[in-house]
Amino acid sequence: MSEIALENLGKTFGDFTALAEMNLTIANGEFMALLGPSGCGKSTTMNMIAGMLRPSSGAIRFNGRDVVDVPMAKRGVGFVFQNYAIFTHMSVRENLAYGLRAQGTPAAEINKRVQAFAELLQLDTMLDRRAAGLSVNILQRLAIGRSAILEPSIFLLDEPLSNVDAAFRAVMRSELKSLQGEFDQTMVYVTHDQLEAMTMADRIAVMDHGKLLQVGTPLDIYNAPADTFVAKFIGAPGMNILNGRFVENAGVVAVEVPGLGTLDVPPTLQAAAKDKKAPNIQIGFRPEQVNASQSGLTMHVGFVERIGARTIVHLEHSGSTAKAVLPSDATPPLAGSDWTFSASDEAIRLFDPTSGQALKGRAH
Amino acid sequence: MQRSIPFEIFRYAVILGIVAVSLVPTLWMISMAFKPIAEWSAAGADLTWWPRNPTLDNFRFIFGQSSTDLIVALERTAGRPIFASLLTATCGTLIAMTAGTSAAYGLSRFGQGGNLPLALIQLRLFPPMAVMIPVMIMWSFLGLIDNWFGLSLIYGIVTLPFAFWLMKTFFDDMPREIEDAALVEGCTRWRVFVRITLPMMRPALASSALFVFILNWSDYLIALLLTTRDWATIPVYMASLSSSMTGQLYGAKAALGVIAAVPPIIMGIAIQKHLVRGLTFGALKE
Amino acid sequence: MTNVSAMAPAVEKIDAPATQSARLGLWLTLPAQLLVLFIALFPILMQVYISLTDWSPLDGIPWWKAHELWIGLLNYADLMADNRFWGALWRTMFVMAICVPVQFLLGLGLAVLFVDDFRGKRVLYSTLLVPMMVVPAVAGYMFFMLFQSGGPVNDLLSFFTSDPVRIAWLSDPDLALIAVMIADIWQWTPLMFLILLAGMISVPQDQQMAAILLGASWWRRFFTIVLPRMKSIIIIALAIRVIEIFKIFDTLFIMTGGGPGVATETISVYIYKVTQQELIWSYVAAIALAILIVLSVVSVFAIKRMQRGQKP
Amino acid sequence: MPIQSKLSRRSFLASSSGAAALAVATPLYLRPDRARAASGLADGMIGGPTGFDGAERYQYGADTPEGRAIEAVRSMKDAGSAPERIVLGLSDGSIGQITQPFPAGAPSIKELWEQETGITLDIVGVPNGQEFTKVMQDISTKGGGFDIYAVEWNRLGDLAESGGIVNLDEYVETHKPEWEAPERGYVGGEQGVSLLNGYRGSTYGVCLDGDFQTWNHRTDLFGDAAEQAAFADKHGYALAPPKTWKEHDEIAAFFHRPDDGLIGCSDLRNQGWGYTNWYQRYVTMASPNQFLFADDGTALINSEQGVLATEEYVASLSHHSADAISWGWPEQYGNFATGGAAMTCAFSNLPKFLDNPANDGSSVTGKVGSHLPPGRDHADGRISRTVLWFNLSASVSTQSEHPELCYLFLQWLGSSRIYSWMTANPGGFFDPFQLANFADPLVRETYHDYHMDIVRESVRRTVPTINYPGATAFHNALDENLTAALTGSMSAADAMANTERQWKRIARRVGEDKLVEAVRANKAAWPDLVDPV
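Residue numbers (numbering that gives the first Met the number 0), protein chains in the order written: chain Z, 0 to 363; chain R, 0 to 285; chain G, 0 to 311; chain W, 0 to 532.
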């Protein structure tokens, strides 16, 4: 059981900064997802935790102890590789026993533990098969089992589902989640797939361009994105962001999107909006939270996508685009028509157009 | 990966040690090539490691200029043998690569020629010396003795196995999707092979060709038996570099050796990055 | 793991019209088939024929009339009792048994040292490959000089001794054999190194990382992950050298001519001498066929085994 | 030394670069009469070289072998039955004597032939030691690459049996080469001719060489007062070129100082060459000769004499280079040129090349002496013998379409006038062997007077090596066993016994009848000269 603390962690490769000033504490037993597009620095972070890379700056602490100088073999970290790195020239049993043998565990003990883990992971029927040619979900279980058998206090998983097709991914996600329940270690999970992160993680750290943007529970991240990147990255489709400017009418601030109309700023954000001096602002709302309305914004309906339970309406007007996701029982607007809609107060978010940062709301 | 200082020291010590030892014969050759005759001797007392009076005479000599020290006049200069080596090694490489590449493709994609792998292994395994009698008789019958094509042909045949194995490896590794896409667009298989596959295989062709070229370029035995005058290659010609005046013309031999090392080295540098990949013989395909 | 796919006919169905493809496949393999047939058919038939006679070009009759000197299997009987042939064969095997492992271990060791990056890697790597580029005949002359009793090798050895070393390498039967083996090791270790390095680089990095993370020491990793993963390429590298050393001739012949006596006479040198100097060509044919038969059996057996080994 | 200075490097270089230039020029066919008018031949001469002092010695009249040959070629030419060119296969290293003009002002032999006949002489170099191989390849594969072969003289039997070379009897009869002419011809007259050119009573070759192995020593070492004193102290007799094998071995041991870069004697060489030293020791074991085979074809080597000769031979390794067993003649010459040996036994051309002011590579110029082969004392006197070894002979290929013309070329080249002129040329290694050669001033200049007389005397003491069919196999068997004895992997007795066994097998293969006949013919050519002790 370990707590992982990253302090001002940085990594540069020559002129290229892969990671800068990463500060993150992962609690003991927590399932933390590092989420971001490729090249965001998440794998770099993970590899530094495992010890495959040496940080250029900062510290990595396991339970308060700096492990930067501890070689990776001694960190007690379990690691599941993107393609599992199963020793395909060995049998399932040899794979499971590999770490124990390396540590010089007595043979009897190894047999016992391997048997126990195999049963736990439902691998006991195939212990003596060669690992080459096993199916992906078995390989995944084997990869986890191979690390878990050493009872590492920290478990790192590097995009373990990226090689799996979509249909299977759902099955694997739940399997992984339940396995985490079994082992109950601190887990760091690297992914570029927000769905994986949202469904499995206790908390998500969203990263981009070597920077940590936001850390929070899946719901926090979804509901209160710290900036426009997170807002657009999380959700499928991501949040609609439109450029507008403040208009004040009788002490109440609203946002006018030029040519489209005006949306009211919810009361929680009124204060922040008033504090902001510059008139330009970005207004955001999730496509799921769009409703047809008499007033609000009017946009041109590009085309209408019906996908089972939902209908996605693609909207466009004078260079701005937006999407609306309607339940399938709602009547969607006709393609080619103009459609007026608004979003509820709870759905509205405001972002500073220069920094991209969200304006913080206040309870009124 | 983290490295320890002692390991680095160990690494450099071992590598530099081996490099130093492996360079001795090469350096000896280079040094010989620039030594005047008085310094050639490898006989004891006045062994010369490095030319005390470096000279280009050895190079001038093999290209037909009498030099002050080597009063021996050459009947044949090195020009023709160098040309013969270049031509026959190149044509031999072309023959091996053409036949080997197309056969490798035929087997890899269409499953034709299943007997070839074994036949070609046996061909390579068999000492050429043991078949030279019938080969000499055949070549003579066909008028191919001391003929550039005759030598190229036998080179093409004896190196065919390497061309075939290497190219088969690459074809087996090459994703089919691209070819399939072209097929769907209505290209014929032949067109696909010539227009799509081969251009994609350019690096593979280059590294295989280098390897085959080096094998042909190195040959001594076959050229010794199948040439007489016009197409004697560098190694065969080298044997004639001795004289009653001075004994073996080691300096001249070394100079020719230095020249002979140039083509493979240039080609090696040109395709250095493919060379390693090219030599895996497909053994690493998962 | 399909390295031996190189040998196994991997029949693949192609979606295009099957017959058209098959025909193209046949055409593509035709040149190679013809070349193999060309180099195999006549020589084998001719060798079978004359090996049953006592024909020598000195007899003054053309080879196709060799049946006038029919002796049946006598050449083969002679071969069984030919100490020089068996000696040459044994010597060739001995050279193989020493050179191949030495080249392998040196090549493997170097590959280990070269597998990750370090300063000067490219230069050192290129330098190590130079011996491969030296024409073997030239190497033969250079090694002849290097191994003279007053030559550079002894001069270098003299650094370590008080008296000048004056070993007559090429005039001593045992040392001459060692000298020709050193020449072969010098020339061909680079190829072994190149192939093994290619293999080692291709061992998946994540598997090695996984092993490290599982606490495996360098040695354990090397023997349980790296070497097993390289098995196929190791076999290929060894096979190439075994095949080429079996035919060893050029450098050796120039260095020693097979001498002193028969001390460095290998199969190829022996056949060369019988062919070129003694001219008993019917006997050479018998030797050639005997070798062909043995090699065929060995290679068929080896390929079968390798193919079986490949099946999961 | 005024004679030597004429043969300066400058003139040599000038003439050899001239050859290079001419080699690329198209051979000019001058009408013979006009060529003669322009060339200033001596009275009564119809051809031969011109343009230098003494050229008249090499010119020939109509009633000489050379003259008859040229006239016959011209009439063939006029009849339209002559080819455009003939192809001559020749060892690298000997070609220069035919293609390089010598002396200054002269044409080359090739030019002269082409001028006089209009037939191009195309010379194909063959690597040293590969002569027989290349010829056998051409014969057995019906390659037809050559009109004329040049191989070691003792392979004539092999080649004749193979049917690859033409029986020249008819041409000899017609064109009368006068090889046995007294004063000018072969040493030993008819017997010499039959030894060098014949096989089983017919002519198959034309000798082009005189490889009587001759002994050389270093006059600077032998003449050194300190060495003389030290030697006399040690052995009780004066230091001089050895007369017996015992003296030879003692002197060689005396001079053997490998750490100072000097070895006692350097004649012992690798397979195919070291043989000659053993041979010399062996044949002197009896008077007048210890033969290799008895008249009935029994091998005589597995005997007390054979073992003794072998033991001596092995013991002599101690005063040879440690590398001797791996050396060939190029190493031997190279070593002697750098002053690396006190004595050696080599082709008679060694002083021509190494005692040669034009050869900057040689540090023994002016320091070479020659002596007769060491001997052995018997009841009736001293027997000293050397051997004829290697010695190129030219033969006409049966694949040639113009055998008679090829023969005529050989008659022209191999007769005493042209041959003397050729052998004087330091551009190659064809050596004098005819009486006219030994007396020729130009030859004597190139080969040195001191050497020429010794060569002539050595020729009288020369035994032929094996020249019967299977010669190669016999020699190889002997060589291998001798080398085994040298390297200590076999005792001298075993080596001889082993050789005898192998020889018996070879004899069976060759055919014993054929062998007995050839052995007798060979024996007839052995000398019976006994020197006073």
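Everything labelled a hint here was simulated from the structure, so no lab data went into it.
In this text the structure is predicted, and so the values were computed from the model without any measurement.
You may find that some hints are simply not true.
Unchecked claim - If we take Cβ atoms under 10 Å as the criterion, some of the chain G residues that face chain Z in the derived model are: (1) 80; (2) 82; (3) 86; (4) 200; (5) 208; (6) 215; (7) 216; (8) 219; (9) 228.
In this text, a Cβ means the ideal position worked out from N, Cα and C, and glycines have one as well.
- Which of the numbered hints above does this structure break? Hint check: 1, 2, 3 and 4 fail, others pass.
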